[in-house]
Amino acid sequence: MIKIRNLEKIYRTEEVETVALNKISIDVKEGEFVAIMGPSGCGKSTLLNILGLLDDPDNGSFLFNNIEVANFNERKRADLRKHNIGFVFQSFNLIDELTVFENVELPLIYTGVKSGDRKKRVEEVLDKMQIMHRRNHYPQQLSGGQQQRVAVARAVVNNPKLILADEPTGNLDSSNGNEVMTLLTDLNEQGTTIIMVTHSEHDARYSHRIIRMLDGQTVLENIMV
Amino acid sequence: MLKNYLKIALRNLWKSKGFSAINIIGLAIGLATCLLIMLFVLDELSYDRYNKKADRIYRVDGDIKFGGNHFILAVAPDPMGATLKKDYPQVEQYVRFRGQGGLLLKKGNENVQEDKVIYADSTLFDVFTLPMLDGDPQTALQAPNSLVITATTALKYFNTTQAVGRTMLVNNRDNYKITAVIKDIPAQSHFNFDFFVSMATLEESRRNNWVSNNFNTYVVLKEGSDPKKLEAQFDALIDKYVGPAVKQIMSIDMAEFKKAGNYEKQYLTPLTSIHLHSDKTGELAPNSNIQYVYIFSAIAFFILLIACVNFMNLSTARSANRAREVGVRKVLGSLKANLVKQFLTESILISCMALVLALGLTFIMLPTFNHLAAKEIKLDLLSNPWLLPALLLMVLITGLLAGSYPAFYLSSFKPIQVIKGKLAAGFKTSWLRSGLVVFQFAISIILIIATIVIYKQLNFIQSHKTGFNREQVLVIHSTSPLGSKAKTFREEVVKISGVENATMTGYLPTNGWRNDNPVFADPTLDQKKAVSMQTWDVDEQYISTLGMELVTGRNFSKEFLTDSSAIIINEAAAKMYGFTEPIGKNLYYLRDINTRSASVLHVIGIVKDFNFTSFRQQVTPLALLMGENAGNTAIRINSKNIPHLVTQIENLYNKMAPGEPFDYTFMDEDFNNLYRTEQRMGVIAISFSALAILIACLGLFGLAAYAAEQRTKEIGIRKVLGATVSNITAMLSKDFLKLVVVAAVIAFPLAWWFMHSWLQDFAYRTNISWWVFIMAGVVAAFIAVFTVSFQTIRAALMNPVKSLRNE
Ligand SMILES: Nc1ncnc2c1ncn2[C@@H]1O[C@H](COP(=O)(O)OP(=O)(O)OP(=O)(O)O)[C@@H](O)[C@H]1O
Ligand SMILES: [Mg+2]
Chain R
1 MIKIRNLEKI
11 YRTEEVETVA
21 LNKISIDVKE
31 GEFVAIMGPS
41 GCGKSTLLNI
51 LGLLDDPDNG
61 SFLFNNIEVA
71 NFNERKRADL
81 RKHNIGFVFQ
91 SFNLIDELTV
101 FENVELPLIY
111 TGVKSGDRKK
121 RVEEVLDKMQ
131 IMHRRNHYPQ
141 QLSGGQQQRV
151 AVARAVVNNP
161 KLILADEPTG
171 NLDSSNGNEV
181 MTLLTDLNEQ
191 GTTIIMVTHS
201 EHDARYSHRI
211 IRMLDGQTVL
221 ENIMV
Chain U
1 MLKNYLKIAL
11 RNLWKSKGFS
21 AINIIGLAIG
31 LATCLLIMLF
41 VLDELSYDRY
51 NKKADRIYRV
61 DGDIKFGGNH
71 FILAVAPDPM
81 GATLKKDYPQ
91 VEQYVRFRGQ
101 GGLLLKKGNE
111 NVQEDKVIYA
121 DSTLFDVFTL
131 PMLDGDPQTA
141 LQAPNSLVIT
151 ATTALKYFNT
161 TQAVGRTMLV
171 NNRDNYKITA
181 VIKDIPAQSH
191 FNFDFFVSMA
201 TLEESRRNNW
211 VSNNFNTYVV
221 LKEGSDPKKL
231 EAQFDALIDK
241 YVGPAVKQIM
251 SIDMAEFKKA
261 GNYEKQYLTP
271 LTSIHLHSDK
281 TGELAPNSNI
291 QYVYIFSAIA
301 FFILLIACVN
311 FMNLSTARSA
321 NRAREVGVRK
331 VLGSLKANLV
341 KQFLTESILI
351 SCMALVLALG
361 LTFIMLPTFN
371 HLAAKEIKLD
381 LLSNPWLLPA
391 LLLMVLITGL
401 LAGSYPAFYL
411 SSFKPIQVIK
421 GKLAAGFKTS
431 WLRSGLVVFQ
441 FAISIILIIA
451 TIVIYKQLNF
461 IQSHKTGFNR
471 EQVLVIHSTS
481 PLGSKAKTFR
491 EEVVKISGVE
501 NATMTGYLPT
511 NGWRNDNPVF
521 ADPTLDQKKA
531 VSMQTWDVDE
541 QYISTLGMEL
551 VTGRNFSKEF
561 LTDSSAIIIN
571 EAAAKMYGFT
581 EPIGKNLYYL
591 RDINTRSASV
601 LHVIGIVKDF
611 NFTSFRQQVT
621 PLALLMGENA
631 GNTAIRINSK
641 NIPHLVTQIE
651 NLYNKMAPGE
661 PFDYTFMDED
671 FNNLYRTEQR
681 MGVIAISFSA
691 LAILIACLGL
701 FGLAAYAAEQ
711 RTKEIGIRKV
721 LGATVSNITA
731 MLSKDFLKLV
741 VVAAVIAFPL
751 AWWFMHSWLQ
761 DFAYRTNISW
771 WVFIMAGVVA
781 AFIAVFTVSF
791 QTIRAALMNP
801 VKSLRNE
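Residue numbers (UniProt numbering), protein chains in the order written: chain R, 1 to 225; chain U, 1 to 807.
Pulled out of the complex, with its shape left as it was, chain U reads as follows:
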């Protein structure tokens, strides 16, 4: 019996090849997109789960309010980890990470700069699951100058993963010993390092300062212990340990510290929520954002919905054409149940075909998607054992839903009505179908608006006045190896034709170091009048090279000998101090926390606020101090032949620092890197919106074909009565346009609300102008008209004699 249903179903599908193809392809694209997003979301949700103790690992994070500043930290005080383990029995183990920049290594005679480097406590392997290929996890990171590397790195440097015992020359000075080789860290990890250096190598690791927060600290809790209970004891712990340190530095006790509105809180962040929920100061790497998981899940849901709606629409439309067949079958004695089964067999068959096609499509689209999303997702149906059944279930439900309406509706009709064609007439103006088309278009319009707004925001970030000029700036990283020659290098570089200016500094708005310090407005170092701010050592070329602007006052100058104690603050800082006449004011900068000796600085200028963190945050206070810091050299160039200029600069560098790697970037690229996630997500969102719209168009295309077919006779009559091709096309398009208008009315407020909420996340954001809505409406209308025009023009061109013959 089933075989018979299948046979007839296949024959029916084949008979209306066009409809079947549109139906299958539309559903397949929808399923494939949905599957891709599902894989993406699964991947995002699986971060750090590879750790066997993932559910028991927590990072100790901080929330500190001090002076006018508020820090949300992914790092904890130096001794936090060890203290937790010592004082609280439920803490099984801890490990700390400390980033100190990259290492300069030697591969043969070649210098190689490695940046994926971290200092880690010897307990690393008790906490994280990092399987070892060679070496002993217990001892690997104990001795100073020990190095644990990943398999890929071992192969790169030693051509073998059995590299324990080998040595590497680091920074042209020290020999580090390879003590272990671990498997490459899974892509789904919130940290990704190639080199783990033993913490003992760092002098700082023995400092045990409770008021400096520099270590990413992870703890494993014993099985069954409640993190909330541990967290509840943190306040007492802070009073006990941080209190004395505060007293020593600021001469106030913890109670006074708190009374002044300050606080320090520590809390536990579950390991598995770091990747999607953590965007704090001191992260090991920029994390993702749960927002994207939500956005993409919503897009996937809507795409699937659009595809299903299509499927239903086309199926019901097509089945209306079969009303007569149903009538005849009933007259001939077919039972209602048989008809229902026949229709359902057909729709489930279509959805199964779509699933097969969807799997193929996913397979084809995955590399592109991985490239866009910077992921390494694989389509492995077996690794997620529930994925295939889930998909099958999804397809089955889609098939049943789509098939059930025509199945029950049609088969319940009395044969005489159906044969007389009453049903077909009723179907033409089906509210259900109009509603579904409106729904599809509303979603499409929302997606179009979202796409435009995302694009606008990305553009805004690109073109927003950042307060500095990032175009045509070459940044040479680590000019520190030049040592005392760094200044000479800067002077020589400026002499090259095509170089306009150059500045030597470790601190740049787009990358480089950050240095946060309290700066006091009062000689008594009253912390109420302190502003915690970035203090950057720069030279007198800094402001001009980077194209920053002074609001008042003047730049540093060699002609003023007193400028060694001059300070230029940004507008945000000036506002925080409440200065009306800032020039000439004195500020006090703590040189040594133990002796509480401060140096006096006099304000000589106010620099216009420039962005040095993400656009998601407001510009915070910042001060420029005159100093020599050879961290980077930023060079403003003005040349048509940039490669040639870079070569000249490189030659100069190599002459002055033989054997050192010449590592440079362009400042505009560094800037773009800050927004890579946003841009990536923007591109993905745009692609998915395009897909959703494509699916909606496929459906519309089918429906237009159906509508034209239904109205063949009418079109014929109208033509006989003198209607022109354009009359007919306009008439048919108008019906669809009406639906688009209704869809727009529904979509506009929703889209505004969604995108308004999204933009709230940016401190610097574009607005949603009215033209966005007009544009989305016009685009949707255009797409609708364009899609249906294929069918309508074809219908309009048909010879009326033919259409009237088919009576």
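So here's chain R without its partners, still in its complex pose:
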């Protein structure tokens, strides 16, 4: 599903040039659950953003479902993204002014789903994430774990083939964290590909494979059994 080769990303500020990704090559197959680990600043988030088509690489090739997307323009990337990829962030990134329901509904609006279908689909997902009773609450009225469940609900509402999660448990205590990890495992079992950045060896054990990074390169890949 994902095949990147010699991918480079260099950040240039006035004084320094940071090589965030240094000729990195990774493959992810459909249905896989991959964890990415590594010390802070090694380029994990950068990689995830590029995989999620939020950012473009400076060099190298990126095949998404056998299509070269490395030099897609903003429009094409947005289009591909909204139909295929869901995101879960460490800091949840829910919109404060919208209710739980409206937050989860957003991706459906942007993919042009009709309002009746939207309602059905959102309720389905909220049910699955067990936060249906909170549908009319605002994010500030929820606990961190609940917020992250809403974020996961939002990420899967469009039935994406790929979910990218950047430290999804980073802001949660261990029991809330485990809950989110179980959700992700369930999704993976139903066929969704998951790539997750994490600092926790415990969480990484939920995955099939761990990619370890250092200074913008992969240094080791562990296959979990």
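Derived from the structure by calculation, the hints contain no laboratory data.
Small disclaimer: the values here were computed from a predicted structure and weren't measured.
There could be a bad hint or two in this list.
[As the list claims (entries may be wrong)] Which residues of chain U face chain R? A few of them, derived with a C-beta cut under 8 Å, are:
# : residue
1 : Arg322
2 : Ala373
3 : Glu376
4 : Val720
5 : Gly722
6 : Met798
7 : Asn799
8 : Val801
9 : Leu804
All C-beta atoms, glycine included, are put in the ideal place defined by N, C-alpha and C.
Since the structure of chain R is provided, determine the placement of chain U with the ligands on it from the hints.
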């Protein structure tokens, strides 16, 4: 301590340069506009105040109802002034003005037509303060053929202001002696003449007729005397003096005159209210209108309000961004008072900077404004000693108002709330700010509607069927010097190719003379059946040359010898007489008031009403009589090469009247001159509206930037979830559009009411169509969307990765 506040304030301003610039510029434009209008209003209010006795000078005005007519006059009967002084001890002095057209003067060998000429009584200098550079005010205007001129005129003709004793050849006939040179009359005067001719020069000044009202008469009352008390005695005065004259002319006494529904009232108009409140028949010059003072004061007030609202909006918006800073400061032990002082220092600093910029802007805009308003206003802060303090006060209040909301609101928050960012969230949907934006837009929409309606009315005046065709008509003024050759001139002119027709007359709808007379429907000269109307002597080419239309009947014709006693009346006159079959009816025209001899006229036609006064008034009765009057010659032309044609006509004129000045205008220009004030005020109003809208836009621009900034994270999230640039732009614009819609709902009825009242002043007026509102709404919406689009598109284009990183 203050130094410290200032230092931090300056640093903060610099840190958010964009906001500060918008804030300062918006406020500066507002202050500058306001200052300009203030100067304009002050100038309007200062008219005639240069006279030392301004508070004691009154003009004797008249209100006369006679026959079917009603006159509101700026002139009084011939002997009124002298009689008031003789009979009433509280009248200290009087002076009369009488306009008799211009003078033809000689400068070297060149003929010069001067129009700013007035005949004045010798008491002129006892009443008005017109400082003399040369000559004796006591005697200057006593002898006939004396001439008092202004300094500029003296320099023009004699290269010196010491011109007393020199002579000028007037109308190629008489020698007038310069008896005094006065300083130029201040611009803020309701009259403005270059030449004062001694009243004794005029035969008419000795006529002393109580029933002819021709003299602008001014009186100075003694100090401490009450004008109301004097006015109260006017009725008796009229009975005493006008009564006998009425009896002689109409053979009825005053009681009968009044019983028939007629009246004559005189009253005193204070000198200082003439410029803004007087629009009567017989004014020395067209005056201004207090309405404009009100309108402009309102505009100034609203512009300042918009600017202040902007300032407040942007300041509070910006301070919300500083909520965290406030929280940290409080945690670190800063007192509430310190924070309040800090915020106030900043906002007052901004307003002071704006004031400095505003003074500069005013200075730059003043020449343009003077040009638009035809004024000579100067920005002289010292001549109005209270102006600068007033401005400073205004700025201080603005600064305090704008600063106080964020200062007290923010600093009263508990630090923990602020740090947690709760405040910032509350600020996003602030009702106050939405309300202020709605308010600004409501005013802007009202101004847009006002602008459209004013423009529409001006257009209406331009395109309204005036009942005559003013295009392609050349008017040659004063063809009287041609004397008996004037008729030949007309005949010769028509032969020039490109000339379609020509008429010789003193009476034209756009300018020229006016002549009001009672015309009776009854041989007994029963004044109940009289209609007072304009009676104009014209030739048989008049109607065709000016493109007027006959409703029924026929034009004058040489083939009918009886046409010397024919009369053509307008529709208004026919209606007044109540004629159903007007053609062939007889009318009686008083030839001599003393012998009461009348000539019989028979109606041969009805001319369609044409406008010969301002559109503010309905067309009044008018009659055309066959006569020879060489006052002007109006020539209808049809030529591509107008300059060439004019030269040909000028050559012909010079051949027939050597040495006489060839003075011409185009009739459409004369027509436009009638509405110059309206047009001028229209242009000014439009400019100020544009400025107000500009200021509102600046504010909106800032707010949109703020809103976009506040919502950076949200925009980022939405983009990650698949929102496109247009989705985001639409989302952000929609919020502002909603406010515009609310503003429109508030503005429409108000605007309708304002403009409806304004239009009432015109007898001939346009309507306020529904599309005016649609257009104003669309324009406002467009302006709002356009303004915010800069910010929203920028925000929408931002890479979401960046905005989400800023956590
Ligand atoms: N917008 C940017 N401008 C400049 N440098 C950047 C930018 N984004 C990331 N970097 C740099 O690129 C490198 C990789 O950053 P990245 O965020 O991918 O690290 P990370 O592995 O996700 O770290 P962490 O575990 O702390 O989240 C870092 O050195 C970072 O400073
Ligand atoms: Mg990271």
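Hint-by-hint comparison with the structure:
For Arg322(U), the shortest C-beta to C-beta distance to chain R is roughly 19 Å, which exceeds 8 Å, and the interface hint is violated. Checking Ala373(U) against chain R: minimum C-beta separation of about 50 Å lies over 8 Å; hint violated. For Glu376(U), the suggested interface contact is broken, since its CB lies about 56 Å from the closest CB of chain R, more than 8 Å. Residue-level restraint check for Val720(U) holds (minimum Cβ-Cβ distance to chain R is 6 Å; threshold 8 Å).
Nearest Cβ of chain R to the Cβ of Gly722(U): about 3 Å, under the 8 Å cut. The hint holds. The beta carbon of Met798(U) comes no nearer than 11 Å to any beta carbon in chain R, farther than 8 Å, and the hint placing it at the interface is violated. With a least beta-carbon distance of about 7 Å to chain R, the hint placing Asn799(U) at the interface is held under the 8 Å criterion. Because the smallest distance between the Cβ of Val801(U) and any Cβ of chain R comes to about 5 Å, under 8 Å, the interface hint for this residue holds.
A hinted interface residue such as Leu804(U) counts as satisfied when its beta carbon comes closer than 8 Å to some beta carbon of chain R; here the least separation is about 6 Å, so the hint holds.
Consistency with the previously given hints fails for numbers 1, 2, 3, 6, ordered from lowest to highest.
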